[in-house]
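Chains X and A, in that order, are what the protein sequence lines are.
Going by my numbering, 60 is the number at position 60 of the first sequence; the sequence numbering is gapless.
Going by my numbering, 12 is the number at position 12 of the second sequence; the sequence numbering is gapless.
Worth double-checking, as some hints may not be accurate.
Any copy will do: because identical chains look the same in the list, a pair fits if it lies in one copy or spans two.
Here are the simulated lysine to any residue pairs, SDA-like style, with alpha carbons at most 20 angstroms apart [to be verified]:
#1 K92 with V50
#2 K100 with D7
#3 K100 with E14
#4 K100 with Q12
#5 K92 with L175
#6 K234 with Q213
#7 K236 with C275
#8 K286 with I267
#9 K92 with V53
#10 K190 with K288
#11 K92 with K212
#12 K60 with W8
#13 K92 with D126
#14 K286 with T176
#15 K276 with L185
#16 K100 with W8
#17 K229 with D126
#18 K236 with L185
#19 K190 with T57
#20 K60 with Q12
#21 K286 with I227
These are calculated hints, taken from the structure and not from any lab test.
Protein chains: 2
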Amino acid sequence: MERAFIDWLKSQTEANRHPNLILGIGDDAAIVDLQDGSTVISTDMLADGVHFVVGQTPLKLIGRKALAVNLSDLAAMGARPVCAVVSLMLPKALGIDEAKEILTGVLQLANEYGVAIVGGDTNRWDGPLVINVAITGLVDRVTPPSSTWRLDGAQADDVILVSGDFGHSISEKHLTFTPHVALALFLRDKYYVHAATDITDSLTIDLAAIAKQSEVGMELDAAAIPISKSALEKYKNDPPAALRSALQDGEDFELAVVVDRETAKRIVEDPELPCKMTAVGKMTSKRKFVLVDPNGTRGSLEIKGYEHD
Amino acid sequence: MERAFIDWLKSQTEANRHPNLILGIGDDAAIVDLQDGSTVISTDMLADGVHFVVGQTPLKLIGRKALAVNLSDLAAMGARPVCAVVSLMLPKALGIDEAKEILTGVLQLANEYGVAIVGGDTNRWDGPLVINVAITGLVDRVTPPSSTWRLDGAQADDVILVSGDFGHSISEKHLTFTPHVALALFLRDKYYVHAATDITDSLTIDLAAIAKQSEVGMELDAAAIPISKSALEKYKNDPPAALRSALQDGEDFELAVVVDRETAKRIVEDPELPCKMTAVGKMTSKRKFVLVDPNGTRGSLEIKGYEHD
């Protein structure tokens, strides 16, 4: 949805800020002070024809994805997921067995991640399949700003680290990706992270969101961007297109963290790191978006991606 | 959705019960132990043509209803609402102003009830309007069974008290009803409630759910059922139809609590009660559903209502 709309909603809720609220609309998830802990809450709605295609996408993977995108949001906050609720609008063409198939996809991933499915709402209708998951997790009591993984904490000269690789996720990964909860909890425990997000709209859009909210610029190193096998294969005769796919395709659901130079070095060399992380660029005091070519040429970085229109 | 489906989902989640879970699927909301408090979580999904009609229902009232039904769920748990997230699938025919109108309906009610709107997800698509709200609230740390307003706590000879009146809610009330949060918090503070629910599917269906889960029967007193003005007017030449409407129509969103005889008497006479409550019948050890006619004749009570098919 348009940023302007989210900004409007943010301003409406801030006009009357709730006393329990630590971090509200506009980040990957919200943080709420409930009793003595900080509760992290997020939600995502997926629909047939937009985020999956009934008849082409296995039903179990539709359920899996609906929870996985929420787990990815909590990973982007460094939060431990605890429980989730699932809502469905079921088209009349799908019977109870199909509904169970969808929920089984949710439940299997929930068990894998130790998440309790604690409720939901299921209705039938004449429209297409819609599934919504709302997830609740925990972070240790937040001592600002050291332990809140906000979007707006990046500083000039900070290094951008990303998990995994990027591009052409539509071939399969957008349904089968691993939400980086383990990686996030490992990093949160051991390192001071300035800002974090998960890559959903595209590498450039989501990193630019960190830069913009942190009021800094950003420089990406083209030669360092990890390009997925799937993108390399699809664009094997057109390397610039493969890079573009890594920078501008959506739904990679990798984790990006922004840390100072010294911390970045320690993280990438940490022998206990649950999965490889790559330094892809840095934040800059000059508020521009720059792409450095393999031969060292600096050009303008196009901020583009899949935007649900 | 069919009870069998919910039972299946419940059994799936109980096979692998989460340690933080106090009360899971199958009640009005879930209760989760987060740090030192108990967090109550619920969600409801509403869709065009099922729960409202775009073009006939004012957009603000659609947003209001989406939050109000969730507030009603928390009231049914005796919980204080804290925050909510809102997801939308917006049909392309609705512009940003219409989206804001819907959210304004959510926000106005949120402010009225001291609820923080802390996030959400908004997408456009070719389908009809869908809106989902997931809500989080608090109850004091639960000392089972005294303070959990579950469905399964009713005992034989307990009295059933309800707020407000019933029937033909479709004329307006299903959009403008008052979620009974204040009443619920008042009762929770002062009285020992055995079981509670909000009346969504119908008076008979939702009270029967308490009876079934509590393994008791139920006897309703026809003369005592408060019938709404709207139902009395619509069926002014057919009093039995007005009673049927009160017993079997859905979406009244009144609060029902089940308490012992002595407590019931104290509640209905409490001068500080935020709104009138009426004793409409009692739970019975004999597991039957009985309707007592104004003339004292005992007949079978039909358990019927609006079931989303």
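Taking the hints in turn, this is what the structure says about them:
no., hint, in the structure
1, K92 with V50, "both (19 angstroms within a copy, 13 angstroms between copies)"
2, K100 with D7, "between (37 angstroms within a copy, 11 angstroms between copies)"
3, K100 with E14, "between (40 angstroms within a copy, 15 angstroms between copies)"
4, K100 with Q12, "between (39 angstroms within a copy, 10 angstroms between copies)"
5, K92 with L175, "neither (24 angstroms within a copy, 26 angstroms between copies)"
6, K234 with Q213, "neither (34 angstroms within a copy, 56 angstroms between copies)"
7, K236 with C275, "neither (26 angstroms within a copy, 71 angstroms between copies)"
8, K286 with I267, "neither (26 angstroms within a copy, 67 angstroms between copies)"
9, K92 with V53, "both (16 angstroms within a copy, 19 angstroms between copies)"
10, K190 with K288, "neither (31 angstroms within a copy, 61 angstroms between copies)"
11, K92 with K212, "neither (44 angstroms within a copy, 29 angstroms between copies)"
12, K60 with W8, "between (36 angstroms within a copy, 16 angstroms between copies)"
13, K92 with D126, "both (6 angstroms within a copy, 18 angstroms between copies)"
14, K286 with T176, "neither (38 angstroms within a copy, 52 angstroms between copies)"
15, K276 with L185, "within (15 angstroms within a copy, 50 angstroms between copies)"
16, K100 with W8, "between (38 angstroms within a copy, 8 angstroms between copies)"
17, K229 with D126, "neither (40 angstroms within a copy, 33 angstroms between copies)"
18, K236 with L185, "neither (36 angstroms within a copy, 64 angstroms between copies)"
19, K190 with T57, "neither (38 angstroms within a copy, 52 angstroms between copies)"
20, K60 with Q12, "between (38 angstroms within a copy, 15 angstroms between copies)"
21, K286 with I227, "neither (27 angstroms within a copy, 69 angstroms between copies)"
In the structure shown, a violation is registered for the earlier hints numbered 5, 6, 7, 8, 10, 11, 14, 17, 18, 19, 21, in ascending order.
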